[in-house]
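Trainee: So you can see what is in the structure, the chains are spelled out below.
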Amino acid sequence: EAQVTQNPRYLITVTGKKLTVTCSQNMNHEYMSWYRQDPGLGLRQIYYSMNVEVTDKGDVPEGYKVSRKEKRNFPLILESPSPNQTSLYFCASSQGSHYGYTFGSGTRLTIV
Amino acid sequence: AQKVTQAQTEISVVEKEDVTLDCVYETRDTTYYLFWYKQPPSGELVFLIRRNSFDEQNEISGRYSWNFQKSTSSFNFTITASQVVDSAVYFCALSEALRGSYIPTFGRGTSLIVHP
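Going down the list, the sequences are from chains E and U. This note's numbering applies: residue 14 is where the first sequence begins, and numbers increase by one. This note's numbering applies: residue 5 is where the second sequence begins, and numbers increase by one.
Just so you know, these hints were derived from the structure itself, not from any lab. Any given hint might turn out to be false.
[Stated by the list, open to error] Here are some chain E residues the structure puts well away from chain U; computed CB gaps all over 10 Å:
1) K31
2) N41
3) R57
4) V73
5) P74
6) K78
7) E92
8) S93
9) S100
10) L101
11) H111
12) I124
[As the list claims (entries may be wrong)] If you want a taste of the chain U side facing chain E, the calculated C-beta under 8 Å gives, among others:
13) L49
14) Y68
15) W70
Yeah, the Cβ is synthetic: ideal placement off N, Cα and C, and Gly gets one too.
Start from the sequences, fold in the hints, and give me the full structure.
Mentor: Spelled out as structure tokens, the structure:
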């Protein structure tokens, strides 16, 4: 089944403790992206990647890092999480930059 | 200014009513793409449709239809004979080539509640 898999689905952690949210897709898509969803703000892009080793900042990249060492994986790294990063995070992939995205199931992240 | 404006924050209808979700976009590109996504209460995001800027033909898929009008920079979504299962948050998105690639910007979403 074609899908984007994110892990974990839920995470509660403390301020400053490094964490990684993994994202993997099995569709051989070149494009991958991370979004955060907050009430009243819709979906805001954090980082995107157009191919292996090619990443760029989205609209809200502060406090996040990403890497794209393999085509299928695009992890999101929070080196020193803070409470304002509490949000619902989505990873997405696409076969091309102007095609519709396939989204993962989301990661509900709470930082206390 | 928002690039994608979904002015309706929440719409409430009774089953079998028709409902239109508005989407107004802003771009200087001549080539761009518009999308609609659905987010049901379960939380996942589902791609519904993509339209490019050179194709203003309206599209119908079952009870869903989309009206693209470049003259008003709008890409509205109509659900005919709404059902409870249509209850969801719907997002409109725009992809432009401003950063060398087409990366979508999303509107803030419209929450549709269909009452039985």
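Trainee: In ascending order, which of the hints set out earlier in this document are inconsistent with the structure?
Mentor: 3, 10, 11, 14 and 15
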